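Protein chains: 2
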Amino acid sequence: MSKTQAFLEAHGLALPIVQAPMAGSNGATLAAAVSGAGGMGSLPCAMLSAEKIREEIAAIRAATGNPFNVNFFTHAEPVPDESAQARWRESLRPYYEEMGLDPNALSNAPGRRPFDADACTLMEELRPPVVSFHFGLPDADLLRRLRAVGIRIWGCATTVAEARWLAGRGVDAVIAQGAEAGGHRGIFLTDDPVRDASSQVGTLALVPQVVDAVGEIPVIAAGGIGDGRGVLAAMVLGAAAAQVGTAFLVTPEAATSAVHREALKTATDDGTALTNLLSGRPARGLINRVMAERGPISRDAPAFPTAGSALAPLKARAEAEGRADFSSIWSGQAASLAVAEPAADVTRRLWSEAEALRGKFF
Amino acid sequence: MSKTQAFLEAHGLALPIVQAPMAGSNGATLAAAVSGAGGMGSLPCAMLSAEKIREEIAAIRAATGNPFNVNFFTHAEPVPDESAQARWRESLRPYYEEMGLDPNALSNAPGRRPFDADACTLMEELRPPVVSFHFGLPDADLLRRLRAVGIRIWGCATTVAEARWLAGRGVDAVIAQGAEAGGHRGIFLTDDPVRDASSQVGTLALVPQVVDAVGEIPVIAAGGIGDGRGVLAAMVLGAAAAQVGTAFLVTPEAATSAVHREALKTATDDGTALTNLLSGRPARGLINRVMAERGPISRDAPAFPTAGSALAPLKARAEAEGRADFSSIWSGQAASLAVAEPAADVTRRLWSEAEALRGKFF
Numbered sequence: 005m006s007k008t009q010a011f012l013e014a015h016g017l018a019l020p021i022v023q024a025p026m027a028g029s030n031g032a033t034l035a036a037a038v039s040g041a042g043g044m045g046s047l048p049c050a051m052l053s054a055e056k057i058r059e060e061i062a063a064i065r066a067a068t069g070n071p072f073n074v075n076f077f078t079h080a081e082p083v084p085d086e087s088a089q090a091r092w093r094e095s096l097r098p099y100y101e102e103m104g105l106d107p108n109a110l111s112n113a114p115g116r117r118p119f120d121a122d123a124c125t126l127m128e129e130l131r132p133p134v135v136s137f138h139f140g141l142p143d144a145d146l147l148r149r150l151r152a153v154g155i156r157i158w159g160c161a162t163t164v165a166e167a168r169w170l171a172g173r174g175v176d177a178v179i180a181q182g183a184e185a186g187g188h189r190g191i192f193l194t195d196d197p198v199r200d201a202s203s204q205v206g207t208l209a210l211v212p213q214v215v216d217a218v219g220e221i222p223v224i225a226a227g228g229i230g231d232g233r234g235v236l237a238a239m240v241l242g243a244a245a246a247q248v249g250t251a252f253l254v255t256p257e258a259a260t261s262a263v264h265r266e267a268l269k270t271a272t273d274d275g276t277a278l279t280n281l282l283s284g285r286p287a288r289g290l291i292n293r294v295m296a297e298r299g300p301i302s303r304d305a306p307a308f309p310t311a312g313s314a315l316a317p318l319k320a321r322a323e324a325e326g327r328a329d330f331s332s333i334w335s336g337q338a339a340s341l342a343v344a345e346p347a348a349d350v351t352r353r354l355w356s357e358a359e360a361l362r363g364k365f366f
Numbered sequence: 005m006s007k008t009q010a011f012l013e014a015h016g017l018a019l020p021i022v023q024a025p026m027a028g029s030n031g032a033t034l035a036a037a038v039s040g041a042g043g044m045g046s047l048p049c050a051m052l053s054a055e056k057i058r059e060e061i062a063a064i065r066a067a068t069g070n071p072f073n074v075n076f077f078t079h080a081e082p083v084p085d086e087s088a089q090a091r092w093r094e095s096l097r098p099y100y101e102e103m104g105l106d107p108n109a110l111s112n113a114p115g116r117r118p119f120d121a122d123a124c125t126l127m128e129e130l131r132p133p134v135v136s137f138h139f140g141l142p143d144a145d146l147l148r149r150l151r152a153v154g155i156r157i158w159g160c161a162t163t164v165a166e167a168r169w170l171a172g173r174g175v176d177a178v179i180a181q182g183a184e185a186g187g188h189r190g191i192f193l194t195d196d197p198v199r200d201a202s203s204q205v206g207t208l209a210l211v212p213q214v215v216d217a218v219g220e221i222p223v224i225a226a227g228g229i230g231d232g233r234g235v236l237a238a239m240v241l242g243a244a245a246a247q248v249g250t251a252f253l254v255t256p257e258a259a260t261s262a263v264h265r266e267a268l269k270t271a272t273d274d275g276t277a278l279t280n281l282l283s284g285r286p287a288r289g290l291i292n293r294v295m296a297e298r299g300p301i302s303r304d305a306p307a308f309p310t311a312g313s314a315l316a317p318l319k320a321r322a323e324a325e326g327r328a329d330f331s332s333i334w335s336g337q338a339a340s341l342a343v344a345e346p347a348a349d350v351t352r353r354l355w356s357e358a359e360a361l362r363g364k365f366f
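Taken in order, these protein sequences are the chains called A and B.
Our numbering applies: residue 5 is where the first sequence begins, and numbers increase by one.
Our numbering applies: residue 5 is where the second sequence begins, and numbers increase by one.
Bear in mind the hints are in silico, worked out from the structure with no lab data behind them.
These numbers come from a predicted model, not from an experiment.
DSS-like cross-link-like pairs, simulated, lysine-lysine; straight-line CA separation at most 30 Å:
| # | chain 1 | residue 1 | chain 2 | residue 2 |
| --- | --- | --- | --- | --- |
| 1 | A | Lys364 | B | Lys7 |
| 2 | A | Lys7 | B | Lys364 |
| 3 | A | Lys364 | B | Lys364 |
| 4 | A | Lys7 | B | Lys7 |
| 5 | B | Lys7 | B | Lys364 |
| 6 | A | Lys364 | A | Lys7 |
With the hints as extra help, turn the sequences into a complete structure.
So, in structure tokens, the structure goes:
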């Protein structure tokens with residue numbers, strides 16, 4: 005456990021449990037609960053304004069003096085492509101007609117802003133202990149500015165090659181995101197939006213290969229970890245800590261939508277797929293109507309993050325009727341292990357189960 | 005480790021390492037080496053005649069008195085579909101032309117015979133300690149006949165639902181085959197040949213959910229286990245034993261082809277995909293030319309196991325030139341962890357690494 009001990013000491017944590025940032029389903033309340041319990045709470049900022057980020061970080065700090073993580077996306081903003089949008093919207097016309105909606109009405113799906121100089125300035129001011137990035141890293145000068153004020157940098161890898169790339173840029177930890185993970189795949193060394201889903205590497209195979217590739221840099225295992233068995237297995241594979249998402253989606257502190265919570269109650273191990281229909285990038289979620297009917301991956305989906313706009317009116321109408329037909333009901337493959345209890349309890353239980361298993365097993 | 009201990013005692017094994025049966029790449033030599041070292045060697049019989057099965061089992065018994073496993077497929081033989089074959093062959097015509105081969109020449113890809121009454125009679129005579137099945141189980145009366153002569157039955161599950169199905173039929177162990185595993189997915193509760201690849205459940209998520217579902221039945225974890233870290237992680241997740249395939253493909257005792265061995269030397273974590281092009285059923289292998297050019301999954305591939313026939317002449321010609329363009333170069337996602345050393349050494353090392361890690365870690 006020396007890797008874990010070193011990781012905890014370096015980050016001022018009590019427990020090697022990282023709450024995965026879940027844009028759209030998690031704000032300060034969840035992050036503060038996890039950090040307050042001694043784990044690493046995470047605030048996803050991709051869908052937040054600067055003002056909202058400031059408020060949320062203040063809320064975390066008001067709730068706990070413990071360390072927390074602030075997460076940003078680093079995708080390139082797509083060139084507007086009206087014809088791709090028009091084709092996509094046209095392909096969805098039957099759904100609009102079925103639901104009596106105007107396919108030409110403007111929609112307002114929330115965007116996702118990539119990390120930029122303004123966000124960097126905000127981080128320099130607010131100085132969260134850790135900033136983590138999804139889809140690669142920002143430019144070297146932005147990284148230098150963050151480091152200059154003492155912020156630790158975490159990056160996310162879905163392959164050994166991505167882990168090496170991150171290690172070469174001096175990250176303080178590599179999140180090894182196995183294929184079981186819910187939400188957006190962190191893929192960044194390919195720009196093929198429909199890269200074959202079956203080439204995504206499972207957590208049990210990915211973690212030891214990443215550990216071997218990155219030397220002394222601590223690895224945080226993610227994907228399919230739903231209870232203490234997964235946490236301890238991650239450490240046996242060489243990880244210093246475990247990142248958990250879906251297990252926190254069902255906590256009262258999460259901002260998970262009603263249809264999302266309802267879907268998670270009956271989630272099965274094989275009930276998810278990777279889809280690019282809902283945002284433009286592959287993400288793992290419970291299979292909803294549009295994924296089932298269109299197939300979860302399509303070359304017709306416009307570039308991330310714009311694919312969601314044309315679905316937004318359909319999503320809103322279906323959700324009003326209690327259906328997740330067009331919703332992002334992100335989930336990993338171990339949702340059935342999740343227990344609806346307070347996030348602090350989940351944080352402590354994940355580790356106490358791992359500790360108990362360690363004692364019993366060995 | 006009480007589950008492991010009980011499993012070892014029940015099966016007369018010294019080490020909780022199961023060599024995955026690998027039809028086409030493994031015969032008695034590999035099985036005997038693994039069994040001789042105290043693990044569970046496996047003889048894949050799907051591509052063998054009755055006479056060859058008899059010879060191979062005799063060879064194992066001549067080499068070791070230790071227990072071994074005999075593996076069969078239990079797919080339904082497809083109704084011959086000449087038009088599907090003709091369409092498939094026609095779609096491959098450009099390859100035939102490029103290579104100067106006659107697309108209308110008859111080809112002779114090896115078939116795969118499902119387990120049947122004749123095979124059952126042979127097993128009643130030969131009485132291997134364990135018979136394992138892929139793609140479900142044979143009919144209840146055949147299972148009864150095997151059990152009546154003291155043969156233990158193992159089944160393979162890719163989902164919790166499949167594990168429950170096997171448990172309900174009284175198997176002696178469930179192999180939980182995670183998505184990382186090389187070779188054919190054991191899928192049997194769906195007959196969709198192109199069931200979405202990304203719904204396949206990773207080992208780290210699958211094993212604990214299967215363990216919870218099957219009660220007292222021992223679970224053998226498979227998929228992405230390449231060294232002692234994976235072996236110990238499997239047990240932490242609740243498995244009684246670990247099944248390993250790719251790590252044995254590179255041993256001298258395996259019957260792995262030259263192009264296959266060569267490809268494994270440079271295998272990367274993300275270099276595989278699930279494909280149905282090569283046999284008609286989804287199987288994980290290193291991405292070769294036809295998978296890359298056609299996409300690894302196609303509704304045009306004829307039913308298992310007939311898809312390989314039209315590829316056989318292309319495969320033979322390419323392999324003669326040292327290329328695996330049309331070959332089944334099956335591999336799991338942890339091939340980079342494999343070490344080319346004798347199979348007995350691999351068997352012992354997998355466990356000694358796990359034991360050393362246990363001692364160091366805890």
